[in-house]
Amino acid sequence: METLLQLRCELLALGAALLVMLADLVQPRGSRRWLGWFSGLLAAAVLAVVVDSWTKQVQPARLWEGAVTLDRLGFFFKGIFILGVAVVSVASTDFAARRFRFVGEYYGLLFLSATGMMLMVSAGDLLSLYLGIELTTLSLYALAAYGKLSPRSGEAGLKYIVLGATASAVFLFGASLVYGVAGTTRFAEIGRQILPWTALTPGLAAGGLLVLAALAFKIAAAPFHMWAPDVYQGAPTPVTAFLSTASKAAGFAAIIRILLGPMLGAAESWITVVIVLSSVSMVVGNLIAISQKDIKRMLAYSGIAQAGYALAGVASSSEMGIVATGFFLFQYLFTNIGAFLVVTAVGSSAGNDEIASYNGLCRRSPLLALAMLVFLLSLGGIPPLAGFWGKLYVFWAAAERGLYGLVFLGVLASVLSLYYYLMVARAMYIEPAGRRPGVKVGFALALGIAVCALVVVGLAYPTPLLHFASGGMWAMSGAR
Amino acid sequence: MALAHPLTTIVLAPLMAAVLIMLLPRRALLAVRVTAALAAGVDLVLSALLCWVYLRHDLRGLHFEDKFAWSPVGNISFHLAADGISLVLVLLTGLVIFCGVFASWTVTYRTKEFYCLLLLLVTGVFGVFVAQDLFFFFLFYEIAVLPMYLLIGIWGTGPKEYSAMKLTLFLLVGSAFMLVGLLGIYFAADPSTLPGGQRTFDLVALSAAGYPVRFQVIAFFLLYVGFGVLAGIWPLHTWSPDGHASAPTAVSMLHAGVLMKLGAYGVLRVGFGCLPEGAMAWVWLMGGIAVINIAYGAYVAMGQTDLKYVIAYSSVSHMGVVMLGLAAANEVGINGAVMQMFSHGIMTGLFFALVGLVYEKAHTREINAMGGFARRMPGIALAFTIGGLASFGLPGTSGFVAELLVFLGTVKAHAGVYAIPLFVIYAIAAVLAIVITATYVLRLLQKIFHGPFDEARYGDIGDARTTEWVTLVVLATLLLAVGFYPAPLTDLIGTALGPLVP
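The listed protein sequences correspond, in order, to chains A and B. In terms of my numbering, the first sequence opens at residue 1 and continues consecutively. In terms of my numbering, the second sequence opens at residue 1 and continues consecutively.
Hints in this document: simulated from the structure, not taken from any laboratory. Heads up, a few of these hints could be off.
Example chain B residues on the side facing chain A (calculated, C-beta under 7 Å, incomplete) [stated by the list, open to error]: (1) L62; (2) S71; (3) L432.
A few chain A residues that don't get close to chain B, going by computed Cβ distances all over 10 Å [to be verified]: (4) G265; (5) K293; (6) D353; (7) P383.
Note that CB positions come from ideal geometry on N, CA and C, so glycine has one too.
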């Protein structure tokens, strides 16, 4: 019982999933808009527990002989996931009520996937990690295909499940190799077998590489990114918002758990791989994003590039790198969800997601255009918005490790990325509106966008979040 | 609150007003204008108050400090503080934006956005003048520069897209030079000499750090070019006449009146403050280019027939005086340079406001098409004359005080090459170039306001009206007041010179 209580965040998220689905039965017909608010409320309650656990968990703890680890880093990531659920479920209240037949299950699946993500970040064993990944992705497959009326959504779900299952198989294969060589699946024991400053044995190296490849698929890092644009484009936009942020963060959490956990001793061996992943993602993502006409595809490619930036933090293989990556993913959650929520609003009004639908938005819906501008500038890393600090920290960590080439490439890539982010800004602020009508935004969606924008602007003062991301290493006062 | 943190209030008031304006309904034009005027008024009053307090209590060095740790990584802090020079320039900015708001009272196209950007820009300007942290210094600098693209591109006249793009590209290239120089200053400082033993962006700590001479020489050159673009140094000045001529009135006022000073201020604060030996290695070049600026700017201004281009080129010429004073690198010269920044800011603000008025009434900027306007607009003619006299430094105007100090400082400067008294030659050349200024200013006054009046074409023109007077009276009075009694300003500037003279 004592042990189970320590898993209260996961259990509460699971409970919330069931509760929302049960609540759906109370009112079988009608708009059921209240479900979105109800699920947002539940997420807020879970968040409170997560924050409380963060405060209490000063020292890391292990459960079940290390199958599950609990530490502040984990709770920070759990906060990210549950915040994603909270914002997305409130903001998609109208969208879900209008487009989906099974509303309760939609929110339930969001919570279920968050439960999986929480398991992923708590994992201390390849098997518990795999369980977490499967719970997450199975829920997400269903969510991607949730827009039953649109054939694109079905295609997205199918593509996601086929490629995702392949990635799962690759993960299992890699894990079995690791088990075969190391004789264990526990992270701690694998770590003990890796001697610092010596090359990995071929079996461990191959196994580790395959596991890393599978996780690179989860975070949509090039060259494992092919699924992302199609799935992002096809999935219902609020689902894309969740998929592109929380799920990416979960993948990063798993990567950090493995590479900076048991594999830290072998950093010399894997750091090159991560640098390659990072630089290829930055280059490929940014270059292809330039030519996109559909904003969801553009944001998908931008997300690939953003994964590349965050990988620079992982590549630094330092304490600072972990903090920087955590910070980056937190701000990315709000920035990108905010952008996709604006896409939801404009897409519902225009009926498509062409960038041309944003023409003259500043005349038609000035506040919406302003919010989008904030998100785009943050994605582009313009100071003093949240995205700037995220990039500054990951590149700072990489520079402290001496990865100047990667930092240089990253800065160049960021400058390049401004081009396509500003193309959308240009459409909104300079192109004439033509005959397009104003965009009507419901209260819940407007609230979601406003919260995201406020967080992105508020993170211009980064110290409090840095305090949480670093597990209290940097005190709130700011002075070190 | 406001009085406990006066500098933060000064910097943030325009930003808050911009946010407020954004939330106002599109039709509420009067509310938008009044909000902007209130924010500008608060800033003006506060900055005047700070100058008074500073003088009254006989202070020296940095005061009114607000320091707040911002990011532990990189050791960035939100650090604002002002010394005498900062205060004089903050006062100038307050004056120009206050008048600028009234000068753009007649903007009706996308008024909300116009005032938002104008106030955002001014936030950046205030920020640069009082920031004591290199990170925020650069951030405010960019905030001050970037809105210019939209302000000229949307509300400008003539070839506005061309001018806006040219200006932005020039300034961005300048920023790149500057950024490299600033990062160099950050990374080249030896952490063991800094307080706390770690790298910092704090300007006060960095100016005490002491750098190797070879580094200083390279870094100062980068900063000189980077800031120099904005200060309009020849031959990197070509964006400025186009930009000023295309910009709407208030933007020209701010840009020529205040923004160009950011460049000179950056050279002084960061360049002279952190890299004194590097500065001394380049003063010969700064001085030479400054003299070219003065002579070339005045000479080209003489050949212009478009009224706004005349004023724009006169700015290039006057910024040369500022740079010459800095190059003299002694107390008198730098005092004169800052004085000239103030004087030119007021003068050119007045000029651009007047040009805006004349254009609005006569619907032309072609000098040869005008004549005899003094009969119909005596007030405007008087203000224009005062500005013109200040422009070539007639005693009794602020221009005289500034130019006198600069030339005195230049003559006293020690730097010479091969026993040639280089700066004496510079001083003589600059004084001679002022004669050209007198020529074109007097010719301008004569052509516009005197001579035959075309009754048929200009029958309906009149003098300035209601809010337009605010700008003219305030600025013209100041030009004379400072000319007759410059002591408060020169005293204020003098208190800050100690650490900045290389």
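If you check each hint against the structure, which ones fail? Numbers 1, 3, 7 - these are the hints that the structure violates, sorted from lowest upward.
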